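Given the structure of chain Z, go ahead and fit chain D onto it with the hints provided.
Going down the list, the sequences are from chains Z and D.
The working numbering numbers the first residue of the first sequence as 13 and each following residue consecutively.
The working numbering numbers the first residue of the second sequence as 115 and each following residue consecutively.
Fair warning: there could be bad hints in the mix.
If you want a taste of the chain D side facing chain Z, the calculated C-beta under 8 Å gives, among others [stated by the list, open to error]:
(1) M137
(2) S141
(3) E142
(4) N146
(5) S148
(6) S149
(7) I417
(8) L424
(9) L425
Here are the computed lysine to any residue pairs in the SDA-like style, where the Cα-Cα straight-line distance is at most 25 Å [claimed, not checked]:
(10) D:K429 - Z:S15
(11) Z:K54 - D:K493
(12) D:K118 - Z:K54
Rough simulated footprint, nothing fancy, chain D against chain Z, three-plus residues with beta-carbon under 8 Å [as the list claims (entries may be wrong)]:
(13) 22-29
(14) 44-57
(15) 70-84
Hints in this document: simulated from the structure, not taken from any laboratory.
The structure presented is a predicted model; accordingly, all values stated were derived computationally and were not measured.
Glycine is no exception: its CB is placed at the ideal position from the N, C-alpha and C atoms.
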Amino acid sequence: MYSEKVMDHFEHPRNVGEIEDASGVGTVGNPVCGDVMKMYLKIDENEVITDVKFKTFGCASAIATSSMATEMIKGKTVDEALELTNKAVAEALDGLPPVKMHCSVLAEEAVKAAIEDYRNKKLKEN
Amino acid sequence: MKVKYFDNAATTALDKDILDKMMPYFSEEYYNPSSIYTKSINVHKVVDESRLRIASCINANQNEIYFTSGGTESDNLALKGYALANRKKGNHIITSCIEHPAVINSCKALEKEGFEITYLSVDENGFIKLDELEKAIKDETILISIMTANNEIGTIEPIKEIGRIAHEHGIAFHTDAVQAIGAIKIDVEDMNIDMLSMSGHKFYGPKGIGAIYIRKGIKVNRINDGGHQENDKRSGTENVPGIVGIGYAILKACNNLEENSKRISELRDYYISEIEKRIPEVKLNGDRVNRLPGNANFSFKYIEGESIMLLLDSKGICVSTGSACSSKTLEPSYVLLSIGLPHEIAHGSIRVTIGKHNTKEEVDYLIDSVVEVVDKLRKMSPLYEEGK
Numbered sequence: 013m014y015s016e017k018v019m020d021h022f023e024h025p026r027n028v029g030e031i032e033d034a035s036g037v038g039t040v041g042n043p044v045c046g047d048v049m050k051m052y053l054k055i056d057e058n059e060v061i062t063d064v065k066f067k068t069f070g071c072a073s074a075i076a077t078s079s080m081a082t083e084m085i086k087g088k089t090v091d092e093a094l095e096l097t098n099k100a101v102a103e104a105l106d107g108l109p110p111v112k113m114h115c116s117v118l119a120e121e122a123v124k125a126a127i128e129d130y131r132n133k134k135l136k137e138n
Numbered sequence: 115m116k117v118k119y120f121d122n123a124a125t126t127a128l129d130k131d132i133l134d135k136m137m138p139y140f141s142e143e144y145y146n147p148s149s150i151y152t153k154s155i156n157v158h159k160v161v162d163e164s165r166l167r168i169a170s171c172i173n174a175n176q177n178e179i180y181f182t183s184g185g186t187e188s189d190n191l192a193l194k195g196y197a198l199a200n201r202k203k204g205n206h207i208i209t210s211c212i213e214h215p216a217v218i219n220s221c222k223a224l225e226k227e228g229f230e231i232t233y234l235s236v237d238e239n240g241f242i243k244l245d246e247l248e249k250a251i252k253d254e255t256i257l258i259s260i261m262t263a264n265n266e267i268g269t270i271e272p273i274k275e276i277g278r279i280a281h282e283h284g285i286a287f288h289t290d291a292v293q294a295i296g297a298i299k300i301d302v303e304d305m306n307i308d309m310l311s312m313s314g315h316k317f318y319g320p321k322g323i324g325a326i327y328i329r330k331g332i333k334v335n336r337i338n339d340g341g342h343q344e345n346d347k348r349s350g351t352e353n354v355p356g357i358v359g360i361g362y363a364i365l366k367a368c369n370n371l372e373e374n375s376k377r378i379s380e381l382r383d384y385y386i387s388e389i390e391k392r393i394p395e396v397k398l399n400g401d402r403v404n405r406l407p408g409n410a411n412f413s414f415k416y417i418e419g420e421s422i423m424l425l426l427d428s429k430g431i432c433v434s435t436g437s438a439c440s441s442k443t444l445e446p447s448y449v450l451l452s453i454g455l456p457h458e459i460a461h462g463s464i465r466v467t468i469g470k471h472n473t474k475e476e477v478d479y480l481i482d483s484v485v486e487v488v489d490k491l492r493k494m495s496p497l498y499e500e501g502k
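So that you can see chain Z by itself, here it is in the shape it has in the complex (with noise of 0.2 Å):
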């Protein structure tokens, strides 16, 4: 059902986690429908990504296409991360069941919510 990429990244997930003092931060979906993703990001002066974590409730795919996007943004530019598309994550894993492709378009929804609260953040500031 899963690629052996999916499987991994479900059960050895990366960057799990939360950043106390993060740029920016991004909650999307609903537990109603069974996921729910929480991106944080921690951005530089240079508006690199410099570091990522994540929470995620939801099936295999969700946790893995939430660890993948992890590793995609990380060291990258915001403008960089915003180019993340559903189908970079899933080609990345090496595809996902068509059911279950909602669950990258998830993941890249997350990143845009976190940099769209990073960028208000800093609207706020100056």
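The following block gives chain D in isolation, referenced to the frame of chain Z:
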């Protein structure tokens, strides 16, 4: 890694001694029981002996047992076959909202044929309400179909009472006993049952074989057109090895019922008490007392069932889940929603069904693994910190 199998409600391993009984009927005694030469007559006798074994286990007569391909076909035959044969008497059928899909979808098919179906709701433990059943009965009601015990939450319905109410109103009573046969004592006379479905592979018999009890005098039309096998109730050449297997399997299950049920329910109670002791914020689904000996269905709050199931699988443990994520529809189990669980709680449910081969050591390993997996997933869950 030896597999620890805790999904005995899904299927069970065919017992080797039952397999041995079946073996001669594949390529040695392969004769068609419908032919009339000596070899076939002998096979025909074997088929009838199996009928007798089943009948003796549920207090029925041999000629009230008909072989089918399994529980699904038995349910289809009971619902559709009875409805179509008794249409003149009325077009109303009463069932429950937690029946197996074989019953629910047979009812949906009958709705398209002009039948009216009442789907009774259940309480928070999964019991149908007898007063609601009485209220649902009307002049047109011809059949009541309520499962003996639920496959997901293990709740055992008040079958005897339901049968009594049905008979007081001159209505036939069918019960899907697929999960119950071999686990609890079934007596069709005492329990007022007119039709009963069973499936061989749920009690250590073979797959692809089932049976239906149809009380003498109950009219049922066959639903597959073909030859006159099974007294015109079920066309098709008999699955003789399967028939031999189900007969010996049910006899073995019934002979060892008390001993097995006692041991299995002790293991189940041990699992339930340890989980409740060691993991906070869990909910046992189904009734604590009137439940199948092997069934323990828990909801683990703040986490999702497919994840639990797959992490247990990586430890060599087989269980099942009512989570949406394991289904094609992305809807959680309708049984769990019917007992009033919110979606997010239903998503986090794990069904353990203990069987006769499970040991205390295996259950200990299961408990430790569930504790570990739930802890790991909760630490990863954004809902858990919010719920604290």
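Cross-check of the supplied hints:
At its closest, the beta carbon of D:M137 sits 34 Å from a beta carbon of chain Z; the interface hint therefore is violated under the 8 Å criterion. Evaluation of the D:S141 hint against chain Z yields a violated restraint, the C-beta minimum of about 36 Å exceeding 8 Å. For D:E142, the interface hint is violated, the least distance from its beta-carbon to any beta-carbon of chain Z being 40 Å, above 8 Å. Interface restraint check for D:N146: the shortest CB-CB distance to chain Z comes to about 41 Å, outside 8 Å, so the restraint is violated.
The criterion of a C-beta within 8 Å of any C-beta in chain Z is not met by D:S148, whose closest approach is roughly 43 Å, and the hint is violated. The criterion of a C-beta within 8 Å of any C-beta in chain Z is not met by D:S149, whose closest approach is roughly 46 Å, and the hint is violated. Below 8 Å, beta-carbon pairs count as interface contacts, and D:I417 has one with chain Z at about 7 Å; its hint therefore holds. Residue-level restraint check for D:L424 holds (minimum Cβ-Cβ distance to chain Z is 5 Å; threshold 8 Å).
With its C-beta approaching chain Z no nearer than about 7 Å, D:L425 sits inside the 8 Å limit, and its interface hint holds. With a CA separation close to 18 Å, the supplied pair D:K429 and Z:S15 stays within the 25 Å bound. Straight-line distance between C-alpha atoms of Z:K54 and D:K493 comes to about 21 Å, which keeps the hinted pair within the 25 Å bound. Of the supplied pair hints, the one linking D:K118 and Z:K54 is violated, its CA atoms being roughly 43 Å apart against a limit of 25 Å.
Taking a C-beta to C-beta cut-off of 8 Å, the segment 22-29 of chain Z contributes 4 residues in contact with chain D, enough for the three needed, and the coverage statement holds. Given a C-beta distance limit of less than 8 Å, the hint that chain D covers the segment 44-57 of chain Z holds, as 7 residues qualify and 3 suffice. Counting residues of the segment 70-84 of chain Z whose C-beta sits closer than 8 Å to any C-beta of chain D gives 6, which meets the bar of three, so the coverage hint holds.
Violated hints, listed in ascending order, are 1, 2, 3, 4, 5, 6 and 12; each of the other numbered hints is respected by the structure.
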